[in-house]
Amino acid sequence: MKRRNFLELSALGFGGLMLPSIPVFGDIVSPERMLEQVDPALKKRLADVALNTAKSRGANYADVRIGRYLQQYIFTREKQVQNIVNAESFGVGVRVLADGTWGFAATSDVSDKGVAKAAEQAVAIARANAKLQKEPVQLAPVQGYGEVSWQTPIEKNAFEVPVGEKADLLLAANAAAMDNGASFVNSALFQVNEQKYFASTEGSYIDQDIHRIWPNFTVTAVDKASGKFKTREALSAPMGMGYEYMNPKASEKINGPAGTGLVGYRYAYDMLEDATLAAKQAKEKLTAKSVMAGKYDLVLDPNHLGLTIHESVGHPLELDRVLGYEANYAGTSFATLDKWKTKNFKYGSDKVNIFADKIQPGSLGYVGWDDEGVKTKKWDLIKDGTLVNYQAIRDQAHIINEDESHGCCYADSWSSVQFQRMPNVSLAPGREKKNVDQLIAGVDKGIYIAGRGSYSIDQQRYNFQFGGTTFHEIKNGKIVGPLEDVAYQSNTQEFWNSCADMCDESDYRMFGSFFDGKGQPSQISAVSHGSAHTRFNGVNVINTARKI
Amino acid sequence: MAILTQAEAQAILKKALGFSKADECEITLNGNTGGNIRYARNEVSTSGAEENVSMSVESRFGKRSGVATINEFDDQSLEKVIRRSEETARLAPESPEYIAFLGPQKYTITKEFFDSTNNVDPAYRADAAAKSIAAASAKNLTAAGFLEHYSNFTAKMNSKGLFAYHPSTVVDFSVTMRTEDGTGSGYVTQDYSDISKLDTGKASQIAAEKAANSRNARALEPGKYTVILEPAASIDLLRNMFSNMDQRAAEEGRSFLSKSGGQTKKGEKLVDERITVYSDPSNPEVPAAPFAGDGRPQQKVTWIENGVVKNLYNTRYWASNKGAASIPPPGNTIMEGGNQSLEDMIKSTSRGILVTRLWYIRAVDPQTLLYTGLTRDGTFYIENGKIMYPVKNFRFNESPVIMLNNLEALGKPQRINGSLIPPMKIRDFTFTSLSDAV
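Chains as they are written, first to last, in the working numbering: chain A, 1 to 548; chain B, 1001 to 1438.
Incorrect hints may appear among the rest.
Estimated spans, in silico, between C-beta atoms of each pair [said to hold, decoys possible]:
| hint | chain 1 | residue 1 | chain 2 | residue 2 | range |
| --- | --- | --- | --- | --- | --- |
| 1 | A | Glu147 | B | Ile1109 | 57 to 65 Å |
| 2 | A | Lys383 | B | Lys1386 | 43 to 51 Å |
| 3 | B | Leu1342 | A | Gln133 | 32 to 40 Å |
| 4 | A | Val480 | B | Gly1262 | 30 to 38 Å |
| 5 | A | Pro153 | B | Pro1297 | 52 to 60 Å |
| 6 | A | Asp444 | B | Asn1140 | 51 to 59 Å |
Calculated from the structure, these hints are not laboratory results.
All C-beta atoms, glycine included, are put in the ideal place defined by N, C-alpha and C.
Given the sequences, and given the hints that come with them, work out the whole structure.
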């Protein structure tokens, strides 16, 4: 078992969260302790011990990650704080290449002796595994950056805000929901700080301080007479930001379509406003019209479309998946190398431009360097509808004829080995000036979907089914009322080829996945997906109402 | 020191409790040691071993509670973790759902710890992977698999006199085999408390056979079909149902067991009368801990009997608040079945689909427990008692409640993910679209 505990959240009513359980790493500590920093000079000395030991034992390459991972999670329901988790995990992971093979070892003994021992173990493991290796690992070259540092550009460190103040904000959001007719409300605030020091035999010593935040809630409305209940999730996004995300700003609000009352939040969230609307919408859902199954044009809100991008573009273009390394668990990919090699595989319509990056400010993936010391960047995955690239790290770049890594290597802890993880994957906004009402004006028979809902996709990423948080019927270019029991089913290539239009840059915002899982043993990572409102034509919608 | 004996654990807990100055204090000590090996493309990709012991302390002053954890056990560290939990407790708000810790309890002793599993070394893991890869290579298949094993112990002591101790072991193995042309895929998963029951080579033969036989699948129209669900296919759907049998959610009106007028479906017939589900920590095939996380004893509890909902689980707070019997969530699930083998069930099927595995299962509607997901790694068409040909994978939209009402037959229960589940034949299982995925 890894040094992690799992807080089972199913009992807390977080049915709509991304995972059935929320991983917590490390030991429970006081909030004050979380403000302490480890001296970079000490980290450099320890890193040199690891690198020198590895080299002296015969490693051709070595990297070391000294990581302090902090998490503060606050959970509430209605008027009550249910749980506050303050966790810290501190340790060192050493990865080496010896005899052409990777070896990895990690320790929580952050001393010269402990670090040297881990480096020795890593070399020994590499040597042992070398006997089973068919081809030696090939690393794409990387520059040594010397001693450098990077910090998420935050205005206010969430860990410096008193826990009581944060709990009070959640309770105020709960009260707003209850005052507006909610039967129940569960809310949570997730805050993460990764203090990561990376050093390698390439000559880099990279000190990074990374912050992420995610406010979230689920509002439930119950009609006791009929026995029906409905939920409405928050329309917040997890962000690579500080506590400033929690301070509402009019300039960061984008109005949703006329007739929905919805508001999109860009770089600042208004939790009270959203909780108020959520309660009204949860109640509205109890009596909303049930959808008639059939083909509809869909207009998808960025807070919904993000997950569709994640599942149908982000995952299938992970190169390790394409090659079969994830076959037993996450699966493989329909986007095979032979399709990419044709240079004319139409993943989507000409309107579809999807890029990967680790550099968008405010995004969950934003860092200066990845977990193997590669400077981060932006690159195209789908250009004018055609598949042009994958996501690759140093030991994969040669497979797709690239001479450098894309810089998307990540480990969720010092104790986990780093591997290829999804960067931010985003749909470029349209070039033509257009807001969401103008986008909807062209739709005769459609459905507007906002927020995260049920999501499921096959192991090669062809067939998917997505739900949402709120649904509105579009008739003759206008929103006419709420709908329920909506899910759409499609095939990835068909769906992206039905992409007809999208709003412009002023409508662009991010959605994200805070706990994306991959690998065995499973590791999590956090990733954002940006887009503007986008229209897809003639998508198959099913009715999900049942009687039991 | 990862796996402490009862005496060793008791000694540490007693010493730590001696430092407590709180009104109430409860200490839990958990330890585990284990290893894993992962392979893909017929070679080992990663392997590792881990070991950890940690202590968690909850101190209480009145209705205020604080938690702290530590993984060092010298006297100074023990005192430090107790003090830290006390400091946190003093700052915490009063819990409106406070309930005093349990006093001494009587637990049955269950055997879940096996030396065979506890003694596994890296050589065993390498050999287990090699046998699985050999089964793939012999048939020109590509294997991707994962084996992990753990030895664990949990010990708990509190200031009210409660003491609990339980050691356990488990091994989980799974492998996916794919044909070189990518048109066939097969899967197997097995788990045991006693690793001597696991033969990765033999298990891998099942995945190999399914992969080879699933080449060039034909497309059938989506719709309602009779299906035979192997336990690896049904387990996740069933678990989603059983893990939602919470009394509070049902009484709050936000569960599939809620009814109009604020009532619950306890005592009502919910599924086919041949369905009986219970939990029992003493079952030798799926042994489990004799106590729950909060120290409540785990006993044999019947959840569904002859199709009728008999019991809902609760927290101690909710039980006391409602004057209900205190019933912890179960440690295992045992579903009664029949004596038929999977082969017998296929023989008695005139037209149907055999499902090896269901994948990416997600809730669509919590009110009806509607779930969606897909078949994967071995889906076959059955006609007149025989497997005729492989079929393309389907997406389903189905509720386990509806599924268990459409029951045709139950086979002999098998261990799957720590539970005992029979293969089952279900009529009118709803497939809503086709998938090209192999």
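Okay, the hints, checked on the actual structure:
no., hint, result
1, A:Glu147 - B:Ile1109: 57 to 65 Å, "58 Å, holds"
2, A:Lys383 - B:Lys1386: 43 to 51 Å, "50 Å, holds"
3, B:Leu1342 - A:Gln133: 32 to 40 Å, "39 Å, holds"
4, A:Val480 - B:Gly1262: 30 to 38 Å, "34 Å, holds"
5, A:Pro153 - B:Pro1297: 52 to 60 Å, "53 Å, holds"
6, A:Asp444 - B:Asn1140: 51 to 59 Å, "53 Å, holds"
Violated hints: none; the structure is consistent with every hint.
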